[in-house]
Structure formats: structure tokens, C-alpha cells
Amino acid sequence: VSGQGLVVDWPRCRGHGVCIQAFPELVGRDPWGYPLVSGEEIPDDLMGHARRAVRGCPENALRLVQARRPQ
Amino acid sequence: MLLAPPVAGLATARHRARWPEPDPGVRAADLAELLRRVRIRGRGGAGFPLADKVAATGGRTRAVVVNVAESEPGSAKDAVLMLTAPHLVLDGAVLVATALGAPRVQVVVPGHRAAVADAARRAVAARDGDRMRWEVAATTGGFVGGQAAAVQELLAGRANRPVTRWVPGAAAGRASVLLSNAETFAHVAAAWALGPGRYAGLGTPEEPGTTLLTVGGDGRVDDGGATVAEVEHGRRLVEVVPELALPVGGREPAALLGGYHGTWVSGDALSRVRIGRVTARRVRPVLGAGVVLPLRADACPVAATAAVLGFLSAERARQCGPCDAGLPELAGTAATLARPGLGAPATVEHLVMLARAVDGRGACSHPDAAARLALSLLEAFPDEVEAHRAGGCAVRERPAPPASRLGRRAR
Chain A
1 VSGQGLVVDW PRCRGHGVCI QAFPELVGRD PWGYPLVSGE EIPDDLMGHA RRAVRGCPEN
61 ALRLVQARRP Q
Chain B
1 MLLAPPVAGL ATARHRARWP EPDPGVRAAD LAELLRRVRI RGRGGAGFPL ADKVAATGGR
61 TRAVVVNVAE SEPGSAKDAV LMLTAPHLVL DGAVLVATAL GAPRVQVVVP GHRAAVADAA
121 RRAVAARDGD RMRWEVAATT GGFVGGQAAA VQELLAGRAN RPVTRWVPGA AAGRASVLLS
181 NAETFAHVAA AWALGPGRYA GLGTPEEPGT TLLTVGGDGR VDDGGATVAE VEHGRRLVEV
241 VPELALPVGG REPAALLGGY HGTWVSGDAL SRVRIGRVTA RRVRPVLGAG VVLPLRADAC
301 PVAATAAVLG FLSAERARQC GPCDAGLPEL AGTAATLARP GLGAPATVEH LVMLARAVDG
361 RGACSHPDAA ARLALSLLEA FPDEVEAHRA GGCAVRERPA PPASRLGRRA R
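First to last, the sequence lines map onto chains A and B.
Just so you know, we're using my numbering here: the first sequence kicks off at 1 and counts up by one.
Just so you know, we're using my numbering here: the second sequence kicks off at 1 and counts up by one.
Just so you know, these hints were derived from the structure itself, not from any lab.
Warning: the hint list may mix true and false statements.
[Unchecked claim] Over the 10 Å line for every Cβ pair with chain A, so calculated as not near, a few chain B residues:
#1 VAL248
#2 ASP298
#3 GLY362
[As the list claims (entries may be wrong)] Not the full set, but computed from the structure, chain B residues with beta-carbon under 7 Å of chain A:
#4 TRP134
#5 ALA137
#6 THR164
#7 GLN319
#8 PRO322
#9 ALA325
#10 PRO328
#11 ALA363
These numbers were taken from a predicted model, which means no experiment stands behind them.
From the three backbone atoms N, C-alpha and C, an ideal C-beta is built for every residue, glycine too.
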């Protein structure tokens with residue numbers, strides 16, 4: 001496992017939805033079109049998608065950080 | 001302790017008759033030892049141990065920040081403190097600044113409470129003998145402008161708004177300033193002057209000392225006057241606020257605890273609440289910054305919640321998409337539910353969906369708190385919510401309470 005998770009810089013996010021398309025396995029869409037991310041650990045085999053989502057964000061609002069421990 | 005008469009006010013001489021000058025020789029190790037023994041927790045709402053905050057500075061900091069912003073409408077304790085014992089707050093800040101080698105103290109005053117801001121400025125101007133650079137800044141950011149991150153933005157010369165924190169601020173191991181609520185510093189000064197033994201003579205071993213409570217008077221849940229009281233940690237809330245021990249007009253007593261970022265608590269759960277931020281098994285800031293808003297006999301909890309959510313929505317910073325879009329919808333849905341005749345089963349389901357959709361999805365805790373408040377309505381008032389779900393209102397349909405309980409609460 002990667003030990004990394006996604007977090008959104010909310011004041012930057014404008015809801016373009018690029019991350020939702022780039023990483024549909026773990027990024028959902030809320031009622032207003034903003035991304036739903038859990039912050040929990042991303043499995044190794046999906047890290048490529050996660051990096052694609054981070055790189056693709058036009059507002060630079062998505063980051064990979066150390067994952068939150070599952071509660 | 002903090003609020004004991006005689007009131008010193010802005011006069012330093014009257015204050016010094018009771019409290020000593022801050023010790024200019026205090027070192028970081030002395031402060032750490034004091035905090036280890038008296039276990040002071042932050043009084044701004046989150047209840048974070050001050051010892052941990054001090055440790056996060058690594059023993060040195062650039063500045064000490066005294067947060068008097070008090071943007072919570074249900075809180076008046078910092079206002080009372082700054083009007084009656086401002087120098088105790090400032091003494092505490094000087095002690096912490098001296099111990100951590102900080103050359104300056106920044107006092108953040110409420111832009112929306114002119115009398116408090118004025119008192120703080122005059123108290124700062126009256127300081128003599130401290131080798132401190134004092135700065136005073138007034139908030140402009142409304143309700144969310146009082147949050148620690150927003151206050152630090154203000155002091156950095158940017159907009160008085162919350163920003164994204166990649167790691168929890170208080171826990172960050174590289175804190176360059178030490179920020180805490182005004183009351184926190186007053187406790188530091190009192191504990192230093194009295195010594196840990198005397199200070200800890202009040203309260204419980206887990207949570208020594210006292211805390212300030214504000215009861216009522218926010219203008220939405222309760223339109224009476226606010227009462228500020230200093231109470232010992234560990235006492236039961238219903239002993240301190242006796243009206244919360246009595247059934248009111250056919251329902252169990254209830255109160256919004258912790259203010260607008262707090263939760264509704266009723267009945268048995270309310271009778272078990274103790275003063276403080278620590279309970280036997282867990283730390284849960286039920287009382288937040290010490291705000292208690294009793295629900296009057298003739299008030300509908302659904303309508304009160306809708307009023308508070310309307311305020312929280314209006315005070316959103318409009319920075320983060322889910323909060324900016326979701327809070328007006330959450331407040332609007334609560335308002336629909338509150339109007340007898342408009343509520344329907346789907347309204348409650350929608351409220352729950354919206355609460356979950358905004359929770360945890362902003363730079364600050366504003367949307368999380370709005371969600372928690374909405375969900376606590378459903379938990380604390382199942383009968384009243386059921387009546388609204390069916391299109392009615394349990395408060396209106398209830399037989400009128402005895403006249404003696406309809407008026408202002410006796411204090």
C-alpha cells in the first residue's frame with residue numbers, strides 16, 4: 001500500500017471535475033459537482049490514477065499527503 | 001478566581017493590588033512544569049492542552065497571540081474578562097511570551113464588539129513595566145474570522161478568513177507563534193500567581209481549576225440577557241444552571257451546548273453533562289467555549305435550529321464550494337421543516353443528506369459544525385422532529401405551560 005491519500009484544498013477547488021474523471025475509482029461527485037475524496041490510503045495499483053488526478057487539476061487544488069489512518 | 005470581586009477593570013494599580021507582576025525570569029521549563037501540573041486546556045472551544053501547544057513551539061516562538069475575537073454570538077465570557085480583568089489576560093500572555101523568548105504580544109480584538117475592542121486597547125496602553133512590543137488588531141471576518149487560522153491570516157496582513165491547514169495547527173511541530181483564547185491566558189496568570197497547589201484546589205485531578213460559562217442571551221435560541229459565571233470543573237451542569245434540571249412545559253429540559261458550533265442535548269444526557277472538556281473516557285468539547293443556550297418552554301427546537309443554521313449560512317466565508325453551495329440549502333431545508341404545514345418525511349431525509357454532504361469539506365470546521373448541529377436536532381428532539389415531519393409542530397400543539405414559566409428565567 002502507498003501510505004498516501006488525497007486531500008482537497010477547498011478554497012482553490014472550483015469543481016471542474018477533472019479529478020472525478022481521472023480517478024473515478026476513489027473520487028466521487030457531490031450534489032454540486034465538487035469531488036468527494038476520503039483521504040484514506042490509496043492502493044498501490046491505483047496510484048497512477050491518483051497522480052493523474054493531481055496533475056490534471058486546473059486549480060492545483062488536489063494534493064497527495066500521508067494518508068489518514070482508517071478509523 | 002478570575003472573576004472574583006473586587007473588579008479591577010482597566011486600572012493597573014487595582015489589578016496589582018491583587019495579582020503580582022509577571023515574573024521576568026520565567027523560563028520555558030518553568031512554564032512546562034506549571035502546565036504539567038495544572039493541565040490548562042485552550043478555552044476557545046477545541047480544548048487542546050496548552051502544554052502540547054507550548055511544546056510544539058520547541059521552547060521558542062516569535063509572538064504570542066491573544067485571541068479575544070469571540071465571534072460566537074452565544075459567548076460573552078471573553079468580553080466580560082476584558083472589561084473586568086483585562087490585565088490578568090495580558091499578564092498570562094506576558095508570562096508565556098517571556099518563557100518562550102517572544103518579543104511581542106498580539107491581541108486580536110472583536111471588530112463587531114466596539115466596547116470590548118476599546119477596553120482591550122486601553123488595557124494594552126496602560127501596561128507598564130513589561131518589556132513587550134504590543135500590537136492590537138481587530139477582526140473583520142465575521143463568525144469564521146475568530147477561528148485561529150483566520151486570526152493568523154489577519155495578523156499576516158491577509159484577509160481575515162480561514163485557510164487550508166495541511167496539518168492540524170495546534171499539533172504542527174513548527175509553530176512560529178503561540179495562539180490561544182483570552183481566557184486561557186488568564187488561567188496561566190492565575191495558576192502562576194497562586195501556585196499549582198492552590199490553583200488545583202478547585203476542579204478535578206484531571207481538570208484542575210475553573211472555567212467561564214455564558215448562559216443564554218445569543219438572540220436566536222434565547223432572546224433574554226446573557227449571564228457569565230465562573231464555575232469549577234467537574235460540577236454537573238444542572239447544578240450550575242438549575243433551570244436545566246426541570247421539565248419545561250411538557251417536555252424534557254434541553255439546551256444548545258457549545259454555541260452555534262455545538263450540539264443540542266436534552267433530558268438524561270443533559271443531566272449527565274459535567275463542566276469541563278474532559279470526561280472519564282474521552283475528551284469531547286461538549287461545552288466548547290463554555291456556551292449554554294437553554295431552550296425556553298415556548299420555543300420550538302426545529303425553528304431555533306433553522307434560525308441558527310440561517311446565521312451560519314449567512315456567515316460562511318464563501319471560499320469553499322461544498323460549504324458555499326451546501327449551507328444555504330441546509331439552512332433552507334431546516335427552515336422548510338420548521339414551518340408547520342411545510343415539513344414532510346422527505347424534508348428530514350434531505351436535511352440528513354445535506355448534512356453528510358457538507359461535513360468535513362472545507363478549509364475550516366464551519367460546514368462540519370453546521371452538519372453536526374443539524375444532526376443533533378434529530379437526535380435530541382425525536383418527538384418534535386416527528387411532529388414537523390408530519391406537517392405540525394409539537395410546541396404549538398402542546399398545552400400551554402404554566403404562566404410562571406413563560407416569562408424570563410429567574411437568575
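Hint check results:
1. VAL248: Non-interface label stands for VAL248/B: nearest chain A Cβ at 37 Å, farther than 10 Å.
2. ASP298: It holds; ASP298/B is separated from chain A by about 36 Å at its closest Cβ, greater than 10 Å.
3. GLY362: violated, 5 Å
4. TRP134: With Cβ-Cβ at 31 Å, over 7 Å, it is violated.
5. ALA137: violated, 22 Å
6. THR164: Given a least distance of 5 Å, the restraint on THR164/B holds.
7. GLN319: holds, 4 Å
8. PRO322: holds, 5 Å
9. ALA325: holds, 4 Å
10. PRO328: Violated: closest Cβ of chain A sits about 11 Å from PRO328/B, beyond 7 Å.
11. ALA363: holds, 5 Å
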